[in-house]
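Working from the sequences, and respecting the hints, build out all of it.
Number of protein chains: 2
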Amino acid sequence: MDIFMQAAIDEAKKGKAEGGIPIGSVIVHQGKIIGRGHNRRVQSGSPILHGEMDAFENAGRQPAKVYRDSVIYTTLSPCSMCTGAILLYEIPKVVIGENHTFQGQEQLLKDNGVEVTVVQDQQCIGLMEEFIRLHPELWHEDIGTD
Amino acid sequence: MDIFMQAAIDEAKKGKAEGGIPIGSVIVHQGKIIGRGHNRRVQSGSPILHGEMDAFENAGRQPAKVYRDSVIYTTLSPCSMCTGAILLYEIPKVVIGENHTFQGQEQLLKDNGVEVTVVQDQQCIGLMEEFIRLHPELWHEDIGTD
Numbered sequence: 190m191d192i193f194m195q196a197a198i199d200e201a202k203k204g205k206a207e208g209g210i211p212i213g214s215v216i217v218h219q220g221k222i223i224g225r226g227h228n229r230r231v232q233s234g235s236p237i238l239h240g241e242m243d244a245f246e247n248a249g250r251q252p253a254k255v256y257r258d259s260v261i262y263t264t265l266s267p268c269s270m271c272t273g274a275i276l277l278y279e280i281p282k283v284v285i286g287e288n289h290t291f292q293g294q295e296q297l298l299k300d301n302g303v304e305v306t307v308v309q310d311q312q313c314i315g316l317m318e319e320f321i322r323l324h325p326e327l328w329h330e331d332i333g334t335d
Numbered sequence: 190m191d192i193f194m195q196a197a198i199d200e201a202k203k204g205k206a207e208g209g210i211p212i213g214s215v216i217v218h219q220g221k222i223i224g225r226g227h228n229r230r231v232q233s234g235s236p237i238l239h240g241e242m243d244a245f246e247n248a249g250r251q252p253a254k255v256y257r258d259s260v261i262y263t264t265l266s267p268c269s270m271c272t273g274a275i276l277l278y279e280i281p282k283v284v285i286g287e288n289h290t291f292q293g294q295e296q297l298l299k300d301n302g303v304e305v306t307v308v309q310d311q312q313c314i315g316l317m318e319e320f321i322r323l324h325p326e327l328w329h330e331d332i333g334t335d
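Residue numbers (my numbering), protein chains in the order written: chain F, 190 to 335; chain P, 190 to 335.
It is worth saying that the hints were derived from the structure and are not from the lab. Please note that a few of the clues may not be correct.
If chains are identical, the list can't say which one is meant, so a pair holds when it fits in one copy or spans any two.
To be verified - Each computed BS3-like pair below joins lysine-lysine, with the alpha-carbon atoms no more than 30 Å apart: (1) Lys205 to Lys254; (2) Lys282 to Lys299; (3) Lys282 to Lys202.
Here is the structure:
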């Protein structure tokens, strides 16, 4: 397992331990994690802090050249909002844990020249399958389909 | 002036008074403002709290049916990230103060069936023109082009 995907999974597990939606993300610049985060809908009552958005928030204000030389790892295929943030800051590469339980805007990323890799990791799938089974209403709220 | 666009402009002015980027937004559901916000890059050191995102955050967790029956007002054409949030929650209508100083992803909104209206308001244009003249580096950071 790639250490950065493992770090994203660790974030997802932290979210699960807090009673939240188990999706995690890290942003890596030149081999170093500059931002890590996990979905905070439940914990902070936030509709915008998806895992990737929380990683951006925790990376803080960065120059454009840092984003453009970074990779974002996320345990789940990025939704429209997170895809938009990746495009805004021109992150050139996205590594996705799984797109089996949810397929986000991967095509829009590719159409804009972003390199997209899907690992299809069983741990990531397991975390989401369990969560969706136990809390379908929270999951649907998170992707705007409740 | 539409009272809701005026409320978005009031948010932009609040941001300016705080030394921030003067962009404001409100989300309106059935004639009532359910979330208001302004860009907080400077004030909170946030790369994700654009005006629209701050309005979503302040609206808090809402059922999908509320978003799908809401209008978002923003003083400036929405960037990729804010466009993505609007699409995630399927807000059907966006009213934009101006797209003279910055043209965001209006086409992507329209391609996804969102009704887009651009007011081209002189107050909104004036706020951004002044800010970009005085703080070009902050503005470029905000849209990932510094």
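**Request:** Would you pick out the hints that fail for this structure and give their numbers low to high?
**Result:** Hints that this structure does not satisfy do not exist here, as all of them hold.
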